[in-house]
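**Q** Take these sequences, add in the hints, and give me the full structure.
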Amino acid sequence: MTETTPPAAKASRPSFAAIMPRLARALTHDSRPPLMALGFCALVIVCAVFGESIAPFAKDQAHFTSTLMPPAWTEQGNWPFILGTDHLGRDMLSRLIAGARISLMTAGAAIFVAGILGTLLGLIAGYVGGWLDIVISRLVDAFLALPFILMALALVAALGAGTANIILVMIVTNWARYARLVRSEVMSVKKLDYVTLARVAGVSHPLIILRHIIPNAMQSILVLALLDVGRSIILESSLSFLGLGIQPPDVSWGLMLADARSYLMFAWWTAAFPGLAIVATVMSFNSTGDWLKRRFDPRAFL
Amino acid sequence: MILSRLAQAAVTFLLLTFLVFVLARLTGDPAPLVLSADATLDDFAFFRRQYGLDRNFVLQYLTFLSNLFSLDFGNSFRYRVPALDVVLAGIGPTLKLTGLSMLISGFVGVALGTFAAVSKSRVVDFTVNLVASIGQAVPSFWLGLMMIILFSITFPVFPSSGYGTAAHYVLPAVTLSFFATSSIIRLTRVNMQEALKSDFVHMERVLGLSERRVVLRHALRNASLPIVTYVGLQFGLLLSGAIVTERVFSWPGLGQVIVGAILNRDYPVIQATVLVTAILFMLVNLVVDILVVIMDPRLRS
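If you read the protein sequences in the order shown, they are chains A and B. Once you know that position 126 of the first sequence is 126 in the numbering used here, the rest is easy, because the numbers rise by one and skip nothing. Once you know that position 125 of the second sequence is 125 in the numbering used here, the rest is easy, because the numbers rise by one and skip nothing.
Simulated from the structure, these hints should not be mistaken for laboratory data. Quick caveat, the model's predicted, so the values are computed rather than measured. One should not assume that every hint holds.
[Unchecked claim] Quick look at which bits of chain B chain A covers, simulated, 3 or more residues with Cβ under 8 Å:
| no. | segment |
| --- | --- |
| 1 | 131 to 142 |
| 2 | 243 to 249 |
| 3 | 257 to 268 |
| 4 | 272 to 283 |
[What the hints assert, rightly or not] With a straight-line Cα cutoff of 27 Å, these simulated DSSO-like cross-link-like pairs (lysine-lysine) come out:
| no. | chain 1 | residue 1 | chain 2 | residue 2 |
| --- | --- | --- | --- | --- |
| 5 | A | K190 | A | K293 |
| 6 | B | K96 | B | K197 |
| 7 | A | K191 | A | K293 |
| 8 | A | K293 | B | K96 |
| 9 | A | K293 | B | K197 |
[To be verified] Facing chain A, from chain B, some residues (calculated, C-beta under 8 Å):
| no. | residue |
| --- | --- |
| 10 | T12 |
| 11 | L15 |
| 12 | V20 |
| 13 | L23 |
| 14 | L145 |
| 15 | M146 |
| 16 | I148 |
| 17 | I149 |
| 18 | I153 |
| 19 | G236 |
| 20 | L237 |
| 21 | L239 |
| 22 | S240 |
No residue lacks a Cβ here, since even glycine has one placed at the ideal position from N, Cα and C.
**A** This is how it looks when you write it as structure tokens:
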């Protein structure tokens, strides 16, 4: 008689109260992958890459007879426009899909360059030391001492808006954090016995950096890069919202929200969906980053 | 320690003045924007001479720097009044908004964080984590738009834009404080959990002090140091957020000033806004550093 649970109890749905503790554990103490977040990240990436073939309409195809159409499931909704249309009759869903590309592309390009630049400078500061370390560390402090949007605005004021400049702005505001992280990682690894031994055994500096220092720092860099995706998307959409970021005819979620501001009174969907896209994307990348952090370093997690 | 902090801030500030000056000059020539379409070449030359744009770069910077110490940022190209006046007109509304948001996020964050630390319920744990991670992901300007739809359009309780009465503060301040609140909740909870595990709390419980007194008077006081530092650090983020939030609610603050100035290439106003904001930011950080020394007897020597 090992089977004690009656089959009926097994089949019944667990109550809300029974699920909560499990959800809480999953959210705080678990190192299982956050499947929903990973899935959503994948969805956004697919939209960014194959957007044009998935989207039902072209991103700037205007339907002047069906402007400000509400979502399809509401009373006045119309089927081809699942999430409704904006003030020019452009399909919201198609524009959201097109926006995914800009958001991910700008964030990705900026993080890639900032990551490499910051890593290089951090390596130099940490490994070489001396006056180079002092100069780089001072610069890092100065860059981190200011609210980033202020620096972003000052840069946009100088360079002008537009996609390429936004990427540049994000590189300038992001590199310092990588430099600081890599510098501290290098400092802690450099003094370890096996590095000293490798040095004594005659391994050259470049080889030590490549074989021992970088692999040690790689995990933290990856986590920081993943967490930066969310930050970058929010920065880009904020600038675009202010009219200082991505410029039409390019599509960005922040730009869609800037348009929506004038139609809040009668078209809530033009404001709701781009924002939801931002929140869901940022949350997904953040929790993926948090999960990696927990996996790589269980101590770092509180 | 305070002296070295001051020196550090001074160096950062000097670096910043140079950066701001160079960046503003890279923007391009403001003359075509300011002068009317039928301006002659003489008018252009006169405009450049009037604002010192025809002199060499180093000279322009040195003039800029020496004027800076007499608080002279030059005249706004657009409004033809001293740039500092334009900035000072915006600083009041921004500081009121930011200050109020800081108070809200400080009180609500510490209260909810403490509650979450004391409570042993998993549901509370889950909710706090959820709110915190949503708070990190919601851009303040979108939250603002949703607030307007909900509280100004669907249920017209608060005005959606404008400035003046107390009701005008509600939506912008709540919107702006959301991000900071969620991270302060998280930090307070972690620190309180630490403090509640410590020996002196056990001791006090053994001595029979009331739970309320143990938590509020002793544990919270001990956990409050990193929280005060953190709330101070949040000021920079709040200021950043304010720039965008002001746009949503048409709040007549620094955010509106600087965005307008950038769109109009109004150099003097851009420079003045960035520098004034940076000074504010550094001052708050300095005050926080001093406050921590006052609060923590161990740091007093």
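**Q** Now tell me, hint by hint, if it's right for this structure.
**A** Do the hints match the structure? See the list:
1. 131 to 142: holds (count 8)
2. 243 to 249: With 4 residues closer than 8 Å to chain A, the segment 243 to 249 of chain B meets the three-residue bar; holds.
3. 257 to 268: holds (count 6)
4. 272 to 283: holds (count 5)
5. K190/A / K293/A: holds, 22 Å
6. K96/B / K197/B: Violated: K96/B and K197/B sit about 38 Å apart, past 27 Å.
7. K191/A / K293/A: Holds, because 24 Å separates the two Cα atoms, which is no more than 27 Å.
8. K293/A / K96/B: violated, 38 Å
9. K293/A / K197/B: Roughly 25 Å between the alpha carbons, so the hint for K293/A and K197/B holds.
10. T12: Since chain A brings a Cβ to about 5 Å from T12/B, closer than 8 Å, the hint holds.
11. L15: With Cβ-Cβ at 5 Å, under 8 Å, it holds.
12. V20: Holds - the Cβ of V20/B comes within 8 Å of chain A, reaching about 6 Å at its closest.
13. L23: holds, 4 Å
14. L145: Constraint on L145/B satisfied, holds at 5 Å.
15. M146: holds, 7 Å
16. I148: Check passed: Cβ of I148/B comes within 6 Å of chain A, closer than 8 Å.
17. I149: Because about 5 Å separates I149/B from the closest Cβ in chain A, which is inside the 8 Å limit, the hint holds.
18. I153: Status holds, d = 6 Å.
19. G236: G236/B check passes; min Cβ-Cβ to chain A is 4 Å, inside 8 Å.
20. L237: With a minimum Cβ separation of about 7 Å from chain A (threshold 8 Å), the hint on L237/B holds.
21. L239: holds, 5 Å
22. S240: holds, 4 Å
In summary, the numbered hints that this structure violates are 6 and 8.
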